[in-house]
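Q: Chains as they are written, first to last, in the numbering used here: chain E, 1 to 592; chain C, 1001 to 1592.
It should be emphasised that the hints constitute simulated quantities derived from the structure, not laboratory data. Every residue, glycine too, gets a C-beta built ideally from N, C-alpha and C. Keep in mind that a hint or two might mislead.
Lysine to any residue pairs mimicking SDA-like chemistry, simulated, CA-CA at most 25 angstroms apart [stated by the list, open to error]: (1) C/Lys-1061 to E/Ser-251; (2) C/Lys-1009 to C/Asp-1318; (3) C/Lys-1061 to E/Ala-451; (4) E/Lys-487 to E/Ala-546; (5) C/Lys-1329 to E/Ala-589; (6) C/Lys-1061 to E/Val-265; (7) E/Lys-329 to C/Lys-1506; (8) C/Lys-1009 to C/Asn-1035; (9) C/Lys-1009 to E/Val-265; (10) C/Lys-1281 to E/Leu-320.
A few chain C residues that face chain E, going by a derived Cβ cut-off under 7 angstroms, partial list only [as the list claims (entries may be wrong)]: (11) Lys-1178; (12) Val-1249; (13) Gly-1250; (14) Met-1256; (15) Gln-1321; (16) Asp-1332; (17) Ala-1335; (18) Asp-1343; (19) Tyr-1415; (20) Ile-1416; (21) Glu-1417; (22) Ala-1589; (23) Phe-1592.
Protein chains: 2
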Amino acid sequence: MPSYTAPVKDMQFVLHDVLKVSAQTVPGYDELEANFTSAVLDEAGKIASEVLQPLNVVGDKEGCKLENGVVRTPTGFKAAFDQMKEGGWTALDCNPEYGGQGMPYVLAVAVGEQFTAANMAFNMYQGLTHGAYSAIHAHGTDAQKATYLPKMVSCDWTGTMNLTEPHCGTDLGLMRTKAAPQNDGSYKISGQKIFISAGEHDMSDNIIHLVLAKIEGGPEGIKGVSLFIVPKFIVKEDGSLGERNGVSVGSIEEKMGIHGNSTCVMNYDEATGYLLGTEHKGMRAMFTMMNEARIGVGLQGYAQAEAAYQNAVIYANDRLQGRDVTGAKNPDGPADPLIVHPDIRRNLMDQKSFIEGARAFTFWGANMIDQHVRADDDAAHGIVSLITPVIKGFLTDKGFEYATAAQQVYGGHGYIEEWGMSQFARDARITQIYEGANGVQALDLVGRKLAQDGGKHVMAFFEIVKSFIKENSGNEEYEKSFLDPLKAASKDLQAAGMYFMQNGMKNPNHALAGSYDFMHMFGHVCLGLMWAKMGKAAMDALENGASDTAFYETKIATGKYYMARQLPATGMHLARIESGADTVMALDAASF
Amino acid sequence: MPSYTAPVKDMQFVLHDVLKVSAQTVPGYDELEANFTSAVLDEAGKIASEVLQPLNVVGDKEGCKLENGVVRTPTGFKAAFDQMKEGGWTALDCNPEYGGQGMPYVLAVAVGEQFTAANMAFNMYQGLTHGAYSAIHAHGTDAQKATYLPKMVSCDWTGTMNLTEPHCGTDLGLMRTKAAPQNDGSYKISGQKIFISAGEHDMSDNIIHLVLAKIEGGPEGIKGVSLFIVPKFIVKEDGSLGERNGVSVGSIEEKMGIHGNSTCVMNYDEATGYLLGTEHKGMRAMFTMMNEARIGVGLQGYAQAEAAYQNAVIYANDRLQGRDVTGAKNPDGPADPLIVHPDIRRNLMDQKSFIEGARAFTFWGANMIDQHVRADDDAAHGIVSLITPVIKGFLTDKGFEYATAAQQVYGGHGYIEEWGMSQFARDARITQIYEGANGVQALDLVGRKLAQDGGKHVMAFFEIVKSFIKENSGNEEYEKSFLDPLKAASKDLQAAGMYFMQNGMKNPNHALAGSYDFMHMFGHVCLGLMWAKMGKAAMDALENGASDTAFYETKIATGKYYMARQLPATGMHLARIESGADTVMALDAASF
């Protein structure tokens, strides 16, 4: 049975040594002293390890059951959910006006990594509620906020997002769900939505569905889409729950993973809905949820890899098999532990160097969201907007890759469900698909974000890399191990961008055929930048006489691994990109 | 529900245009005229599509059930197995002396790809029997052959291989299963074996277990391991079945995939066993099975990718979502099919170019096995021995990667079990693990095969590549698209080999830390060679006035894709290898 230990020290390193959060002039960040963040992270870590993680396998095995219109979550989920609510863990960064704790987003992200690594399917109930909270908070009327937010902050009511229909996922312009205006200003919503995570369950008193639908008589396609609040139970004027609304669960999907989360087909049959935001501007409002969700999904990707990695390390130290070719390490035992073997280390170092880079990248992004939201930093917003598809696409592709790599360490036992490693891979797999499949993230990055505001944000990104290299040059060993590889990778990325500019004008397919590789290159450069930052921070700590030298030396060694063994992928991606669209588009559809 | 159509034309292309099997002077190959192979492959294809494929989802959903010591296979498996037996499909390449059809191995492999793509879990029952047949055929006494082979050829009795124990997989020297010699020359076998595919089931009258065990008083470790025939029912002198032997199923494992195959814990309690081959030389005898099994597993890897790919193509042509950025392709419909989008094509071309290259690679290997076994060609044997770990490791890693890539084309539907795409990924996953996890294949390649016979085989391999390039130079377009990339990739591979030679002497970890990357590089060079061969064959066919120009032009275009977009991976692998072992081995075991 797998275990999970919150990597609090690694998180503290990113928050304090690398990002130096408490020194930043972002409102609320002055609270983020190391003793405060460690207290929060330790406490969250206990819940993750002791409450959520033991339910992970239970959720996978039992799944959710639909009986007479009621969805039963797995044994223990409700009690754990109540415990999360009571501890205030559902609302760390929510607005205190509605009962939240008002902490910076970056801290909520760190805690979210722990809960997600411990039990991804479980944490989605709260995560989706947070997304719906954010959309109502950003776009709701004062009355809507007063009605829904306090109960959503406390998770007495949970939330969902309803986009997909059987015939339309990415292309929401094809949507058929209708909204018929009523005399009292409300709408009657009718249609079917699929893949609705946490669409129905037994852990909250009410469920607040945010539903995309077309108002009758509005514009065709995506321009006619609006967003609606559709509560499971109508909320009466006094805030109490009234009658059951015309929304019901049609079925629960049987999925490859995240069995503990109920993925529902939701049927809307003249359900009462309330317009959220402006009519026909539903996509804008929904994107408030989606951008947050995309960062959350990127986090899910690497968090599953982290949980899988921790167990792979335990197994590699325990399992005796073969001998170290350079001499026995466990001469009195029948064999040496797996971890002596170079290829096992290669595998574990791939995982470790990715996961720690991914964490720094995600926290860096969360920090910029705080800079934008709390300190009106538009430049930070520009970078976040640029890197959101990279966080989502790259971290989930690699997260799945490394969750399976961790499973591989177990050999045959990795394939047996009882050992729990298969679940990490199966759960991680969805992160590459939902909230916009990763191909759509690549399209968003190359087709939209690169050129946004005249390419301002990508230029700002390259400037960040360039300045960092310039400011930190001078130490030969550090330059060779960290800065030179980063410089080379960044040059590859710029060359790819240049290729798109020069060839994408003539034929956009030359850019789009390389979009997926570009997303991966971009991810590598971001993680390379993070490792350069972490390597520098670790060197500084050692220079300043930090006592835990082994910890910082491990950071430097892990960073060197990433730079030497992962960053060279940019060259391959560049070669693929520069081969253009011709070989990609050569075949007739019938020739595949 | 997925479908499967046997790619007979693609197989014919490899057999006749590329390998030119019927023109080879290998005994039995003169029968392999195109009209004969197409008749066999068409007939097998019908069984694959109509009998086996429809049972694939059934097997996944129902799994195998253990009730009172009896294992029930999924609904329909027994009837399909009987149909296979009646058609003689279980013994295509078996020795006619024992009832086999005596066809070349290369044809059996082509048929095996079809059956495996249609239903991997099902085909394993027959595949393991074939492996056990081969071991007894190679190492058994005449009496053993006469007793067991006819019934195994007909699959009235099936076979298994029993290696793994709870505490030992790769390191079989740790084995605890004991063999106590009896006065009549037999042995009493006692111990527990795990992960025994097809260990117990209801489709055959008897099960012939091949079991590794240590004869009491023999040498320590791997040198004391012998191989035994342990039938489920003792076979009487007249060939009829006698009493139940002391072997029983302890439990069936719950696995991530291949649910239709019963993976058993087998308990041996003083079971009667008969020595197969020489005492204490069990590993040598077992390797007869393992080498065959490893090629079979490589085939499973790309066959799952093929089945998944076929369905991804159907979905990409059916599913309407978004518009071609260069102009609507389905202007009268609400949207264009997915296949218009460059990133969908990038994904499908990755899959297609890999699968077809993998098929050619596997058939090429099978052809060399025939050259060795039927025409005593030692050079061919040397190459097969070298590439066996590459076929196993590279084709299964990529097979899994592309099975999940095909799943990705389905978006959210790919994650829902009902659509069947998850099964391809879950089934393919085991191929990376069993018959020696892929890290062990890499170790076998770099630690053993490279230096075998003074490096003769790897030098012969490079000579094959070099000669091919030399003999086929002259056409500028072909050189640029095919030969130059192959030359560059082959150069990378040689540079890696050189790095191992120069640095592995000082410290073997410098070679072993790069073994996995080397295996992947080697795979790419092999597939590059195959595509160069296929490109040339297609050009020749067009020059010779072949009527189906679209087919051959598609081959050339697909080959160009592989050369431009897949082969550049060798540069990345070389960079990883040349970074050496230092970053890989830097950490203490406690620092992971």
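Q: Does each hint hold? Answer for all of them.
A: A quick look at each hint next to the structure:
Taking the CA atoms of C/Lys-1061 and E/Ser-251, the gap is about 18 angstroms. The hint holds against a cut of 25 angstroms. Under the criterion of a C-alpha separation no larger than 25 angstroms, the hint pairing C/Lys-1009 with C/Asp-1318 is consistent with the structure, at around 24 angstroms. For the given pair, C/Lys-1061 sits about 47 angstroms from E/Ala-451 by alpha-carbon distance, which is inconsistent with the 25 angstroms threshold. Note on E/Lys-487 and E/Ala-546: the hinted pairing is violated, with a Cα-Cα distance of about 29 angstroms set against a maximum of 25 angstroms.
Proposed proximity of C/Lys-1329 and E/Ala-589 is supported: the alpha carbons are some 11 angstroms apart, at most 25 angstroms. For the hint linking C/Lys-1061 to E/Val-265, the alpha-carbon distance of about 21 angstroms falls within 25 angstroms, and the restraint holds. For the hint pairing E/Lys-329 with C/Lys-1506, the CA-to-CA distance comes to about 19 angstroms; that is within 25 angstroms, so the pair holds. Restraint check for C/Lys-1009 and C/Asn-1035: satisfied, since their Cα atoms lie roughly 12 angstroms apart, inside the 25 angstroms limit.
The suggested pairing of C/Lys-1009 with E/Val-265 is violated, with an alpha-carbon distance near 42 angstroms, which exceeds 25 angstroms. Pair hint C/Lys-1281 plus E/Leu-320 holds up; C-alpha atoms about 24 angstroms apart against a cutoff of 25 angstroms. Of the supplied interface hints, the one on C/Lys-1178 is violated, with its beta-carbon coming no nearer than about 16 angstroms to a beta-carbon of chain E, more than 7 angstroms. Below 7 angstroms, beta-carbon pairs count as interface contacts, and C/Val-1249 has none with chain E, the closest being about 15 angstroms; its hint is therefore violated.
The interface hint given for C/Gly-1250 is broken, as the beta carbon of that residue sits about 14 angstroms from the closest beta carbon of chain E, more than 7 angstroms. Hint on C/Met-1256 holds. Least Cβ distance to chain E is approximately 4 angstroms, under the 7 angstroms limit. Contact between C/Gln-1321 and chain E, as hinted, is supported at the beta carbon level, the nearest pair being about 4 angstroms apart and thus within 7 angstroms. Given the 7 angstroms rule on beta carbons, the hint for C/Asp-1332 is violated: about 15 angstroms separates it from the nearest Cβ of chain E.
Hint status for C/Ala-1335 relative to chain E: holds, with the closest Cβ pair at about 5 angstroms, below 7 angstroms. Below 7 angstroms, beta-carbon pairs count as interface contacts, and C/Asp-1343 has one with chain E at about 4 angstroms; its hint therefore holds. Because the closest C-beta pair between C/Tyr-1415 and chain E is about 5 angstroms apart, less than 7 angstroms, the hint holds. For C/Ile-1416, the interface hint holds, the least distance from its beta-carbon to any beta-carbon of chain E being 5 angstroms, beneath 7 angstroms.
Checking C/Glu-1417 against chain E: minimum C-beta separation of about 4 angstroms stays under 7 angstroms; hint holds. Among the interface hints, the one on C/Ala-1589 holds; its C-beta lies about 5 angstroms from the nearest C-beta in chain E, closer than the 7 angstroms criterion. At its closest, the beta carbon of C/Phe-1592 sits 5 angstroms from a beta carbon of chain E; the interface hint therefore holds under the 7 angstroms criterion.
In summary, the structure is inconsistent with hints 3, 4, 9, 11, 12, 13 and 16 from the numbered list given earlier, while agreeing with the others.
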